[in-house]
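Participant: Chains as they are written, first to last, in our numbering: chain A, 801 to 1119; chain B, -1 to 376; chain C, 5 to 293.
These are calculated hints, taken from the structure and not from any lab test.
Every residue gets a Cβ at the ideal spot worked out from N, C-alpha and C, and that includes glycine.
It is possible that part of the hints are untrue.
Taking lysine to any residue and the SDA-like style, the derived pairs with C-alpha atoms no more than 25 Å apart in a straight line are [stated by the list, open to error]:
1) K950/A / E95/B
2) K950/A / K165/B
3) K189/C / G912/A
4) K198/B / F966/A
5) K121/B / N997/A
6) K121/B / N829/A
7) K198/B / I138/C
8) K121/B / G912/A
Derived coverage of chain B by chain A (criterion: at least 3 residues anywhere in the stretch with Cβ under 8 Å from a Cβ of chain A; other residues may be distant) [unchecked claim]:
9) 64 to 74
10) 80 to 87
11) 103 to 116
12) 125 to 137
Taking beta-carbon pairs under 7 Å as the criterion, some of the chain A residues facing chain B (in silico) [what the hints assert, rightly or not]:
13) A826
14) N829
15) H834
16) G939
17) G942
18) M1070
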Amino acid sequence: MKPVPFFESAKAWWFGLLLALLAPFAAFNDYLLHMMVLWGIYSILALSLNIIVGFLGELTFGHAAFFGIGAYASALVVMGLGLPIWLGPLAAGLIAGAFGFAIGYVALRIVGPQFAILTLGFGAIIQTITNYWVDVTRGPMGISQIPPFKIEALGLDFSQASHMYFLVLACLTLAVYICRALQSSRTGRAYVAIRENPELAQSIGINTFKNKWLAFTVATTMAGVGGSLYGHYLRVITPDLMSLSYMSALIIMVIVGGKGTTLGPVIGAMVYIALLESLRAFGNLRLVIFAAMLILCVIFLPGGLISVWLRWQNRVREN
Amino acid sequence: MKTHRRTWLNLAAGLIAASVSLGAWAQAKPPIKIAAINPLSGAGAFDGQLALEGMQAMAAIINANGGVLGGRMLELVTYDDKGNPEEGVSAAKRAMEQDKVDLIVGGWFSAVALGQKEVTRDKIIHIVTSAQHPKVTDEGHKYLFRLNATSTMMSDRYSKFVCDSIKPKSVAFITINDDYGRLEVENYTRLLGACKIEVKGNEFYNRTDADFTTALTKLRSLNADAIYVSAINTSQGATIYRQLRQSGHRGTIIASAGNMNPKLVELSGPALEGVYSISLFAPDSQRPMARKWIDQYAKMFKNEPSFIGSLGAQAVEVLAQAVEKAGDPRAYDKIAAALKVPKLNTLLGEATFDDKGQAQQSIYLIQVKNKKIVASGG
Amino acid sequence: MVFLQQLLNGLANGMGYVLIAVGLTLVFGVLRVVNFAHGEFFMLGAYVTYYGMTLIGMDYISALLVATLVVAGLGILANRFFFQPLKKEHEFTILLSSLGLALLLTHLAETIFGADPKYVDTPYSDATFSLGDITVTQQRIGVILVASAMIAATYWFIKHTRMGKMMQATAQNPEGAALSGINTKYVHAYTFALACALAALSGALVGPTAMLYPTVGDWAVLKGFIVVVMGGLGSVTGALLGGLILGVAESLGGGYISLGFKEAIGYAIIIVVLLLRPNGLFNPPASTK
């Protein structure tokens, strides 16, 4: 058994959680807290994408659609059907998961670039329907004035960044737990086998399809819940959430951070948001610089930023 | 020895420079910071650029005249909202918390404005320039103002003109598939139907469409006398006008209210000749402030001054006036009160903000003649 | 009459798609690379044509030829720096590299050319040709004719020239081709240049039918993917048929059903084809495992 690298051990995670809990007190203003909330939500989304891209080793271009489905489901269920607001995320997860369940059943027998394009097709169709079904989704105008989460009794208003941060952190912790549990379980090891050598995996009795199906459904459910958090915090959603620009952003976070690991996507989300905001002064050039950094990372650091840590760790260990 | 002397010389020079600049700094009054949040990338990037240029030209004029409040210069802090509500919200927060701006001008897309106003709610003065969705002011707040007319306001005036002067026998619409477009169809169907113009049908297109030949072919088959084109996005509008002419349509084209700008004229080429529209901005206006702004704009930028730019300029102009009256860029209640004074004198004419912060302004009829936008009698 | 007009619209659009898709499918087949940035070469082709005409004052045809050559050259560079170094990497690291390249090119274009829309004013874009009630611009006729010629030429090239046969060999069996002495690196570069040239050509031809802005590449690459999936990876004839079917289906569907349908039909086609015939509509069905 390989010794577990520090950052994958439980100790490291508790330490990280402590840092995250203390971080808001170091943040001077609402703007930084807002960034941290976004980081948290994107981390959840990136983690969910990582289940498919990292654990299963399949590239998907339709993942942003599940994020969008979750956001819309939550908003519509709460605003349209008048259900209590805490059922929003539940509905979001269930509905997004249901879509994932159905699409996964149909799509997961395909692999490789065809799978990527297939998921692109599914994602695009979902976005088109959202855009055109104006009676329900308000089309390109989107849905606004989405009610925020609130706990009146405790005076908590989750449209405030300072409150929302802790809610998001709690969800993020749950997401991390799910991913790590998945990774270290028998199912997780099955994923490694499926990813590296599907034929061999199947020959030793692993039901490739069922495993992939489960992972896909978990991933889409998680993305749906992330969408709900996003919608009730930002309070405005449009079909653009399902667009390729969000999809690219999530892919970047996963891969630049380090796919297949659990810390990777979280770091990736942090880097993405931090860079995008700190480069704001560069205006239009910001996105060019970002694309260039992505490419450099991809060509020279295929394992993501996490691999830098790993290399450093190994060198330390050797001394 | 030489190095010693050089060091002393450098030090002395540094001290002198520091004290001079310190003195200058101490004498200069702190600028008044206005956040300019526009789409500078993605769809709407060009329109955002025009708006920003309009603001910059007006700010330059005001600063050249000594600024506001006895010498305080207007400083525009630029942000890119990328045309999406999330970025718009982030930009607003950054402007308020990190960069500590005094006032905000922002919200080109309605979806962005809707999100942004929640961030600025009752915290800072926020002027929305062009977003046309009614909810922006319906669900606004005490510091929220909007300059552009809503499409309902425009359609009332415009339909009268269509009924009385253009007088087509029938009309068909091509509109964008969102609240704005749907409202247009509703309003004009009712208003034009009232003066006995036959409404033959409507085609919707989407915000992301690049080619309209299919929709236009369908529309042409309806054989309407006039076609009403509703397009906010310059690029889409130009394509529609061109492709409409390319499809063989020889009848009248009526352009939707408030969307005419020089870039549209340039891109549409011959397709736009003679086409009417209405706008808050008449490029050959003789109002002194309008002419000043047009001249300043021509000095600073290559683009032609546009309606979008004029809205940005108007925002800066009314803010400067209101701040001057209120005495302090952070006295938001006073500024809001100053803005709600009837008949503010601006480059676009007299403007009055109502209770909800919606501006009531003059609307002019315009026409494209020889590739220029001119005011039309009517 | 409306039917014929819509049909003609569809054919014109379809041929444009074919031209975009052929390059994409060749790169798929020979390099095994899914090139997300393919649409950007379409965009660059249109922009170089535009600037050739407005800045240098070339006429349309010359600008178009220059654009094709220039972008082919850019393609060689792109392959050298963004795809070749990653040859040994995981399939989707390469895809990610192409995604990064696409983002880079789009935003560079935005910064350098400006976000404002441009119009490529050719002598053919407004001039129309009518037959009874049916009207079509000369530009679109040009698209149909030139695209047809280029497809035929490409097909002939692959079947009958030495390089073409080397491309076929590399596509069918990369290791085998290398073993039999083919310089696969050279074949790759050549294929990529050819693909980018075709993309640029389609940009120069199709660009003038609408407005030009830096993000037009996203649209182009999406259409390309739809067609390639229909036609089968690596198949030029498949791309031809697929592109025409897509163009006509969109036009007729949009005309007779709804415009929402027009947008969705392409994606629906991808889904149905990939699920039922992942090798493309015109190839033998994939063997079941």
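Participant: Please list, smallest to largest, the hint numbers that this structure does not respect.
Facilitator: 2, 4, 5, 8, 9, 13, 18
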